[in-house]
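Chain P: place on chain H using the hints.
Each chain, letter by letter, is given below.
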Amino acid sequence: MSQLTYWVVTSDGVVSRRWETVLTREGWRVAVAADLQSFLNDAASSRYGIALLDYDLGRASTAAAVKKLKEKVAGVSVILISQPTLSPDKVIEILESGADDHFLKNVDDKLLLAKLKAHMRRLLPSLASALDVIVSPGGELKIDRSQHTAWIKGTRGGRMVAIAGLTRTEFQLLALFLQQPDKVLERQYIMEFVWRDQGGDIRPGTVDKHIESLRRKLGRFGKMVRTVYGVGYAFREKD
Amino acid sequence: MARTVMVVDDDAMFRDLVTEILTQGGYAVETAEDGQAAWDLMQKKTVDMAVLDLNMPNMDGLELTRKIRDDVRYKELPILLLTVRALVEDQVSGFERGADDYLTKPFDSKMLLARIKVLERRLIK
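Residue numbers (this note's numbering), protein chains in the order written: chain H, 1 to 239; chain P, 1001 to 1125.
Just so you know, these hints were derived from the structure itself, not from any lab. Source: prediction; values computed, not measured. Mixed in with the good hints, there may be bad ones.
Residues from chain H shown here face chain P by an in silico Cβ test under 7 Å; the list is partial [stated by the list, open to error]:
(1) Leu-95
(2) Lys-105
(3) Asp-108
(4) Leu-111
Sample of chain P residues lacking proximity to chain H, with all beta carbon distances greater than 10 Å (derived) [claimed, not checked]:
(5) Arg-1003
(6) Met-1013
(7) Phe-1014
(8) Thr-1019
(9) Gly-1026
(10) Ala-1028
(11) Trp-1039
(12) Thr-1046
(13) Asp-1048
(14) Met-1059
(15) Asp-1060
(16) Tyr-1074
(17) Gln-1091
(18) Gly-1098
(19) Lys-1110
(20) Lys-1117
Only pairs whose alpha carbons sit at most 27 Å apart, straight line, appear in this in silico DSS-like list of lysine-lysine [claimed, not checked]:
(21) P:Lys-1075 x H:Lys-238
(22) P:Lys-1105 x H:Lys-90
(23) H:Lys-117 x P:Lys-1105
(24) H:Lys-68 x P:Lys-1117
(25) H:Lys-90 x H:Lys-72
(26) H:Lys-70 x H:Lys-153
(27) H:Lys-217 x H:Lys-183
(28) H:Lys-117 x P:Lys-1117
(29) H:Lys-105 x H:Lys-70
(30) P:Lys-1117 x H:Lys-67
(31) P:Lys-1075 x H:Lys-183
(32) H:Lys-223 x H:Lys-209
Where is the CB? At the ideal position from N, CA and C, for every residue including glycine.
Extracted from the complex, chain H is given alone in its bound form:
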């Protein structure tokens, strides 16, 4: 499963603890590094990621570090973070050296998340997990997370009809499938994703029960949620 990693690279414990909490709460994978070298070692083996890199770690050499990093790992976006006192000229220098953005350390949590989602959208276009509205590749299913509503294409005139009575769990399952159409999602992954807030004992059988119920509510589209025996499930529109 290709999953994106967020690195928080700073020796500022207040920032790293706060952001680690905020990002983890979104269900994102977070790695904290207190110095450039340990981050570089870790990032070298990754395909995708977003690094929040503290200007104060490298000071004058930060621009050079960003440049080197961008050359080394292509799928990693580098976002410089700094105190509000960093001069615009320095920010410009670092953007020109290849950084993808600049945030202030005191950025509002909501804004931090919104900006990161914008970067994520670009890094993983196929993983549209940052968008509120997701439409299935064939256009037969649609969800809007901001409204917590899902629609299926109706039989009359092909108009989208809201699906009645979806539970929160079923909605999350459907969102997960639409984010990664045609991919086989392992039961364990589905459990971690959908029940991550609840902790406690979730049995693999619980997943199956909720999938069954979701299929019933999807009506003639229920068969798109396919069982991959011994592994998990995959959402596929066409046979």
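Same frame as chain H, now just chain P:
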């Protein structure tokens, strides 16, 4: 070949200012005075990036951003919102609709160019 940036703002003086900055930065510029005019322009001409104001008559910047993102042809078009609206809520809703960056007026012309260059790098990739 120079990349084309579409500048959309209902304030003519501001359009001229941004046009001048971008032209000096080596970009070709197309302008429109509101969201609807911008959308019409996009149907006729190819634009590589967009700089949008938020408050405009006939389709504001947020609506235009959403319209652009909903259209498969422009899904990847880099969008920078350039506006006097500096509230966190405004910025968050801009990013949620699909903007890639956000700068508040008044702005530093060098900063605008640096951010446009960041967006341009994404096109090359």
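**Request:** State the violated hints by number, sorted upward, taking the hints as numbered earlier in the document.
**Result:** Violated hints (numbers, rising): 2, 17, 18, 19, 20, 26; every other hint is consistent with the structure.
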